[in-house]
Amino acid sequence: MAEPKKTGELLIESGIITRQQLTDALDEQKRTGNKLGQICVERGFVSPAVLGKVLQDQLDIPYVHVDESSIDPAALSMLSEEFIKVNHVLPYGLDGERLSVLALPPLNPRALEEASLRSGKRLAVAITTELEFLQLLNRLFGLKQRSKDMEQRTASDIATRRNKTIPVIPVVPGAEAPAIQFANSIISDAINVSASDIHIDPQPGCYHVRYRIDGILHDITTIVQELADGVISRIKVTAGMDIAERRRPQDGHFSVRYQDLVFDFRISSVGSTFGEKLTIRILDKKNVSYALDRLGMLVAQDSTYRRIIAKPYGIILVSGPTGSGKTTTLYATLNQLNSREHSIVTIEDPVEYDLEGAVQIQVNLQAGLTFDSGLKSILRLDPNIIMVGEIRDLPTARIAVEAALTGHLVLASIHTNEAASVPIRLMELGVEPYLVASSLAGIVAQRLVRIICAGCKTTYAPTDVDRALFVGAGLPDPGAHLYRGTGCASCGNSGYMGRSGIFEVLDVTRSLRQLIEQRPSAERIGDEALKAGMMDMKTAGLIRAAEGVTTLEEVRRLVPAGD
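In the working numbering, the protein residues as written are 7 to 569.
No lab work stands behind these hints: they were computed from the structure. A hint or two may mislead.
Unchecked claim - Taking lysine-lysine and the DSS-like style, the derived pairs with C-alpha atoms no more than 27 angstroms apart in a straight line are:
(1) Lys59 to Lys11
(2) Lys91 to Lys59
(3) Lys283 to Lys317
(4) Lys41 to Lys59
(5) Lys537 to Lys317
(6) Lys59 to Lys36
(7) Lys91 to Lys41
(8) Lys11 to Lys41
(9) Lys382 to Lys317
(10) Lys12 to Lys36
Input sequences plus hints: build the corresponding full structure.
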């Protein structure tokens with residue numbers, strides 16, 4: 007019997023993806039160990055439904071898309087939540103002695119046998135995709151449903167204590183268990199929906215829980231004050247923070263293992279009018295993209311950037327607002343340059359991801375280890391490549407310039423809105439213009455736009471104003487259609503799934519160096535850069551919209567019309 011064809015081969019034969027897309031996905035699979043189909047979904051090459059049908063043909067097992075509203079509660083109760091999450095087997099239908107279950111390929115015969123024994127039923131197995139499975143878990147066992155149950159328990163406990171004239175205190179023995187469970191639910195649910203941040207915001211008498219998904223904050227649930235106090239205390243204890251201090255700003259961190267992956271959490275808290283606000287940054291060390299071809303640069307930009315980073319010395323600065331993907335670009339660059347012939351040393355605050363082969367140093371203000379003092383030490387370690395997490399002040403900027411002028415390649419982030427403002431920012435910090443001109447090798451400015459969901463992507467007729475925007479930027483008229491997502495179960499009805507970058511890539515040429523020495527305005531630098539061939543961010547965004555990667559609305563949201 008012939009072996010079933012591989013997923014990639016079937017996607018190619020069906021004309022769903024191109025050979026280059028398969029090559030890119032296979033390269034990422036080698037780096038991350040993730041499933042090929044899931045990588046194709048995350049990259050927007052294929053929708054979950056189309057992937058499911060391909061897997062159905064490959065495995066000769068029916069693919070079923072199940073909505074949570076159609077799941078039989080009696081069937082769901084046949085297996086515990088823990089068993090479902092660990093073994094990836096979810097019961098959804100019950101017909102006499104037959105239990106219909108969803109499973110993730112490749113099927114685990116032992117898990118299916120155990121499910122049959124636990125339920126006492128014969129199994130009818132259907133497959134689903136990883137994304138759809140995780141979404142079902144989140145809706146069935148997610149934070150909203152759990153918060154209702156826990157709020158009822160907490161409210162009942164509070165009422166009992168009040169009737170006995172016992173004063174309400176933030177954390178009570180009876181509320182400890184639900185607070186721990188709820189804190190765990192907040193963490194696991196945020197991971198399941200690929201949130202980058204969790205916000206726990208105090209309001210009069212309650213707290214709002216919000217997740218930042220693809221750069222946008224979404225309301226998740228509301229919890230009562232007493233339960234929220236216990237949840238915040240639990241998270242702060244885990245992060246090594248002082249739970250008695252509720253006014254002074256604090257920072258902490260912890261790591262957890264979830265579904266065989268390790269996630270880091272960075273916690274910040276501060277007191278406010280109605281209580282303590284908590285923000286949690288989620289760092290997934292395995293799924294961060296270290297590859298330049300995943301950043302979203304256009305072909306010409308990618309070629310220019312690779313030429314810049316091939317220079318033996320100089321400063322390469324990545325600019326943009328907080329949350330624009332600067333750290334990912336820096337790590338992808340280091341990963342591209344990483345080799346046995348290079349000594350790479352970084353100074354970061356904090357060290358967000360592990361980079362094999364590099365020496366990574368964590369800023370420690372209490373120990374006197376700052377960016378500038380750390381840089382001085384690094385220069386004595388004979389590095390080829392240095393990465394500075396952020397240039398914030400004159401001492402750090404000057405040492406970075408000196409390092410670049412003495413034969414080192416220096417990578418760093420800096421806060422400006424566009425590439426042309428970076429030289430101005432360095433001069434504002436106090437670096438002399440001739441040193442800025444001599445040391446700069448290249449500049450990248452970036453934003454993150456949301457990617458249109460492949461499962462609900464559709465076309466629409468652009469307005470005359472839309473078309474004029476393209477023509478005014480020197481681009482072809484988009485013609486009869488542009489793209490948007492209508493919203494579906496896969497993307498939570500947002501129309502988007504995942505994010506990609508839009509960029510300005512500036513190669514500092516001789517003419518630009520001469521101009522920078524004259525201490526020009528950012529506008530003059532930008533004009534000269536455009537003459538030298540740099541593509542501005544708005545144009546790059548419009549091209550991505552015309553390609554169907556993102557929407558015109560996203561480009562307008564992130565790049566104002568005047569930029």
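Numbered hints the structure breaks, given as an ascending list: Failing hint: just 3.
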